[in-house]
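There are 2 protein chains.
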Amino acid sequence: MDKYDLIVIGTGPAGEKAAVKAAYFGHKVAIIEKQAVFGGAGVNTGTLPSKTLKETSLYLSGKYDKGLYGVDRDIEGDTSVDTFMFRKNWIIKTESEEVRKNLVRHGVDIYHGTASFVDANTVNVKGPKEVSLKGTYIIIATGSYPFHPPNIPFDNARIHDSDTILNITRYPQSLAVLGAGVIGCEYATIFSTSGTKVFLINRNDHILPFIDKEVVGNLLDSMQKDQIDLLFNKSIAKIESPASEKEMVKVELESGEIIHVDMFLYAAGRNGDTRGLNLDKIGIEVSKREAITVNENYQTSVPNIYAVGDVIGFPALASTGMDQGRVAVAHIFQTKDIEEIAPILPYGIYTVPEISTAGISEEEAKEQKLSFCTGIAYHKDMPRGKIMGAQRGLLKLVFTRDDLIIHGVHIIGHLATELIHHGVGLIEEKKTLLDVIGKVYNYPTLHDLYKYAAYDGLGNLSGHKVK
Amino acid sequence: MDKYDLIVIGTGPAGEKAAVKAAYFGHKVAIIEKQAVFGGAGVNTGTLPSKTLKETSLYLSGKYDKGLYGVDRDIEGDTSVDTFMFRKNWIIKTESEEVRKNLVRHGVDIYHGTASFVDANTVNVKGPKEVSLKGTYIIIATGSYPFHPPNIPFDNARIHDSDTILNITRYPQSLAVLGAGVIGCEYATIFSTSGTKVFLINRNDHILPFIDKEVVGNLLDSMQKDQIDLLFNKSIAKIESPASEKEMVKVELESGEIIHVDMFLYAAGRNGDTRGLNLDKIGIEVSKREAITVNENYQTSVPNIYAVGDVIGFPALASTGMDQGRVAVAHIFQTKDIEEIAPILPYGIYTVPEISTAGISEEEAKEQKLSFCTGIAYHKDMPRGKIMGAQRGLLKLVFTRDDLIIHGVHIIGHLATELIHHGVGLIEEKKTLLDVIGKVYNYPTLHDLYKYAAYDGLGNLSGHKVK
Numbered sequence: 016m017d018k019y020d021l022i023v024i025g026t027g028p029a030g031e032k033a034a035v036k037a038a039y040f041g042h043k044v045a046i047i048e049k050q051a052v053f054g055g056a057g058v059n060t061g062t063l064p065s066k067t068l069k070e071t072s073l074y075l076s077g078k079y080d081k082g083l084y085g086v087d088r089d090i091e092g093d094t095s096v097d098t099f100m101f102r103k104n105w106i107i108k109t110e111s112e113e114v115r116k117n118l119v120r121h122g123v124d125i126y127h128g129t130a131s132f133v134d135a136n137t138v139n140v141k142g143p144k145e146v147s148l149k150g151t152y153i154i155i156a157t158g159s160y161p162f163h164p165p166n167i168p169f170d171n172a173r174i175h176d177s178d179t180i181l182n183i184t185r186y187p188q189s190l191a192v193l194g195a196g197v198i199g200c201e202y203a204t205i206f207s208t209s210g211t212k213v214f215l216i217n218r219n220d221h222i223l224p225f226i227d228k229e230v231v232g233n234l235l236d237s238m239q240k241d242q243i244d245l246l247f248n249k250s251i252a253k254i255e256s257p258a259s260e261k262e263m264v265k266v267e268l269e270s271g272e273i274i275h276v277d278m279f280l281y282a283a284g285r286n287g288d289t290r291g292l293n294l295d296k297i298g299i300e301v302s303k304r305e306a307i308t309v310n311e312n313y314q315t316s317v318p319n320i321y322a323v324g325d326v327i328g329f330p331a332l333a334s335t336g337m338d339q340g341r342v343a344v345a346h347i348f349q350t351k352d353i354e355e356i357a358p359i360l361p362y363g364i365y366t367v368p369e370i371s372t373a374g375i376s377e378e379e380a381k382e383q384k385l386s387f388c389t390g391i392a393y394h395k396d397m398p399r400g401k402i403m404g405a406q407r408g409l410l411k412l413v414f415t416r417d418d419l420i421i422h423g424v425h426i427i428g429h430l431a432t433e434l435i436h437h438g439v440g441l442i443e444e445k446k447t448l449l450d451v452i453g454k455v456y457n458y459p460t461l462h463d464l465y466k467y468a469a470y471d472g473l474g475n476l477s478g479h480k481v482k
Numbered sequence: 016m017d018k019y020d021l022i023v024i025g026t027g028p029a030g031e032k033a034a035v036k037a038a039y040f041g042h043k044v045a046i047i048e049k050q051a052v053f054g055g056a057g058v059n060t061g062t063l064p065s066k067t068l069k070e071t072s073l074y075l076s077g078k079y080d081k082g083l084y085g086v087d088r089d090i091e092g093d094t095s096v097d098t099f100m101f102r103k104n105w106i107i108k109t110e111s112e113e114v115r116k117n118l119v120r121h122g123v124d125i126y127h128g129t130a131s132f133v134d135a136n137t138v139n140v141k142g143p144k145e146v147s148l149k150g151t152y153i154i155i156a157t158g159s160y161p162f163h164p165p166n167i168p169f170d171n172a173r174i175h176d177s178d179t180i181l182n183i184t185r186y187p188q189s190l191a192v193l194g195a196g197v198i199g200c201e202y203a204t205i206f207s208t209s210g211t212k213v214f215l216i217n218r219n220d221h222i223l224p225f226i227d228k229e230v231v232g233n234l235l236d237s238m239q240k241d242q243i244d245l246l247f248n249k250s251i252a253k254i255e256s257p258a259s260e261k262e263m264v265k266v267e268l269e270s271g272e273i274i275h276v277d278m279f280l281y282a283a284g285r286n287g288d289t290r291g292l293n294l295d296k297i298g299i300e301v302s303k304r305e306a307i308t309v310n311e312n313y314q315t316s317v318p319n320i321y322a323v324g325d326v327i328g329f330p331a332l333a334s335t336g337m338d339q340g341r342v343a344v345a346h347i348f349q350t351k352d353i354e355e356i357a358p359i360l361p362y363g364i365y366t367v368p369e370i371s372t373a374g375i376s377e378e379e380a381k382e383q384k385l386s387f388c389t390g391i392a393y394h395k396d397m398p399r400g401k402i403m404g405a406q407r408g409l410l411k412l413v414f415t416r417d418d419l420i421i422h423g424v425h426i427i428g429h430l431a432t433e434l435i436h437h438g439v440g441l442i443e444e445k446k447t448l449l450d451v452i453g454k455v456y457n458y459p460t461l462h463d464l465y466k467y468a469a470y471d472g473l474g475n476l477s478g479h480k481v482k
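These protein sequences, in sequence, are chains A and P. Quick note: the first sequence uses my numbering, first residue 16, plus one each step. Quick note: the second sequence uses my numbering, first residue 16, plus one each step.
Only chain A is shown next, with the shape it has when bound in the complex (with noise of 0.2 Å):
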């Protein structure tokens, strides 16, 4: 049997960074994979997807363009599905092949099947060959599949969950779409981007609540401007798919309410993907949606056994699973160069228009019972922003009275999960709104925000308003 000192169960971006590192350090790694393609949600069904079907749409759309140079483009009435997958199923492919050439040039053994425990260091593959492996260590990053509650018809053509959404073969005319949570929102505004009728269906009305008010706001207004119908506190209490395509389906809302539409999209939920993998039989236990308890390394209730990435549950980000992966390998390993995952955590959801939080939103400064205030700046009165074109967006900053220091930065808007990194910067290093004033940044660039964000926050602080 195969020994091996480390060994990583899936290739999504936790499983990915966490075998090329412990390869990087020395160690003999295998990683498993149960699918075809490399690369898990990350590549094939999630973060990468669902972000170029978001480019896609604002380009073929020319959304953010829109009368803003006298001449409109014209894409010749071209949104054939085809159209609007080619750019997604390019970028599927090269990553896929990417992630693989990854592992290969790192020395990492791959092999193809599906993983069940037979012991705390004993793996079973079973794929074209069966194999067991000895693993000193073992990380699990399984990644998360598609809840299916029994009232949901799913039928891959018209009753989809976010995987098989990615493999329509016609484009939706209207659209309902259960659960506004992130990848909820971000299909509903995509696929409105594109020109499909879009129906937000949500059980409450207090949309992602980790993100700052205020910003969850301005994407409600924005979803409206887009004339996505938000059906919110309301659940679906019976769907209908007519056999003929040229029939709608029928979405009966417990309230009574019917919606007619082209295809459903079950957004409501992902879950630990732990199946098949014999938890119970060495004794982790895992919770309601299946996801892995770890604790700060992100270890397992069995010391040798760790897990990372959306088996273990929120924030189920392709960026902090790839950081995960990192941190575990570091404390496996003692590798001492990262010991704990970076505290001030930026977060991306990108729908249209995208949105990047980092640090403490204005609600968790009131439960703390900070003595905070804010200063906030518009993409539109921007220069940059002028000349992009940008109708909406803004930048938030949270900082405390007291010192200035800023404990929060929030953005919606062109370019909000790239400018991001400089508000975490700003916040890690506790710096002030004067920092900021005194900063020079790029004319004409987006970064501008910050600086006209400090000084509203200055003008908030003496009632006395300056540019």
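Take these hints with a grain of salt, some might be off.
Put simply, identical chains are the same to the list, so a pair is met inside one copy or across any two.
[What the hints assert, rightly or not] Taking lysine-lysine pairs in the DSS-like style, the calculated list, with each CA pair at most 25 Å apart, reads: (1) K108 with K395; (2) K296 with K253; (3) K103 with K395; (4) K103 with K78; (5) K261 with K78; (6) K253 with K78; (7) K78 with K108; (8) K296 with K18; (9) K395 with K116; (10) K144 with K49; (11) K240 with K43; (12) K303 with K240.
It should be emphasised that the hints constitute simulated quantities derived from the structure, not laboratory data. Remember, predicted model here, so these are calculated numbers, not experimental data.
Starting from the structure of chain A, add chain P where the hints point.
Frame of chain A; chain P shown alone:
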């Protein structure tokens, strides 16, 4: 005679920010503008117009998107100069009005006319109404003007300087640009992107000497791919502009070569605009290029008179001008909010592709005899770069070998002028490659370039490549 705590001459980025800041701190401020419009070169003839044209040319050409989505943008052959200028003119109009409103909102008194010194505390303004103003302090922020050598027959129709090129009424089929400085490189790539055949003529072959050579090399490669003819180590002997627009402008080089082009742009220098100020009367001397000499507080040889922005010469960027204005005011009124300009400045060059750098280049590291190494990542290898179809571009880190501290960041390609700000923070805070590797970046974003370049740097150090 009206008396002021501060008189500012010029409403460009440097003058505006100085006036507004002094007014915000409660001082009585006058500002003098000789043009009908506000904002100086930053708004009217330099920064914003050329950056807007850059975006327009990228949009209209679809340069960055070709083939990306299996469908190409079609602008229906509309490349009239009106289309090209539409957005630029809108930006100028709205931003000039923004400057005026900002001055009014802060209670700055505005005088229209040409300023000249009567003595070190008295400025005469010749406008619709002639007035003299007394000022305890005076800030000169008059900017620069394009130098006109006698052998160039400027006619504002086919033979242009960097101001008049913005007022062309038809689109050049071909263009010779003299001078491969920031302005020359920007316009050469902007017009080339828009489909104009461009010749770039330069006296020597070491262009943009303050930028890392590898980045400059990448720009030159890009220019050559775009079929810009680089005529380096060449000077102009003679230019003949024919009477008829049907004939080409004949540009004769000292080497004997002759090129025939539709239009000619002189971009080989701008001088400090001290014309008519009567500086000799109050004992302020100017250099050969009419730049005013100042100390680290932007104070001239006359202690109550300061000078900021393009009128003091290099780097002549809007961003640095604004901060010079703020620093001068901080020094004059002891506002204590910022004592000096930020030590690490970002430089932004809005070529296609754009460039931005901070800290020391590889060449400077050599000069300083540092034991250094570099790490590079390419836009085309980043998942975000693939999504946007970035073919060109790189980010380079310069770091010292012993402590891995990052001393320079050099970027060319998509979003360079935005991405640099994270790098400025890394340099200021003396962060190491390991700090960068320990950071979490949103995925996928172009900020991943930092992490990949850091890994590349570690690999280069150890002779052991890793991703």
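Open item on the list: So, against the hints stated earlier in the document, which numbers end up violated here?
Closed with: When the structure is compared with the hints, numbers 2, 5, 6, 11, 12 turn out to be violated.
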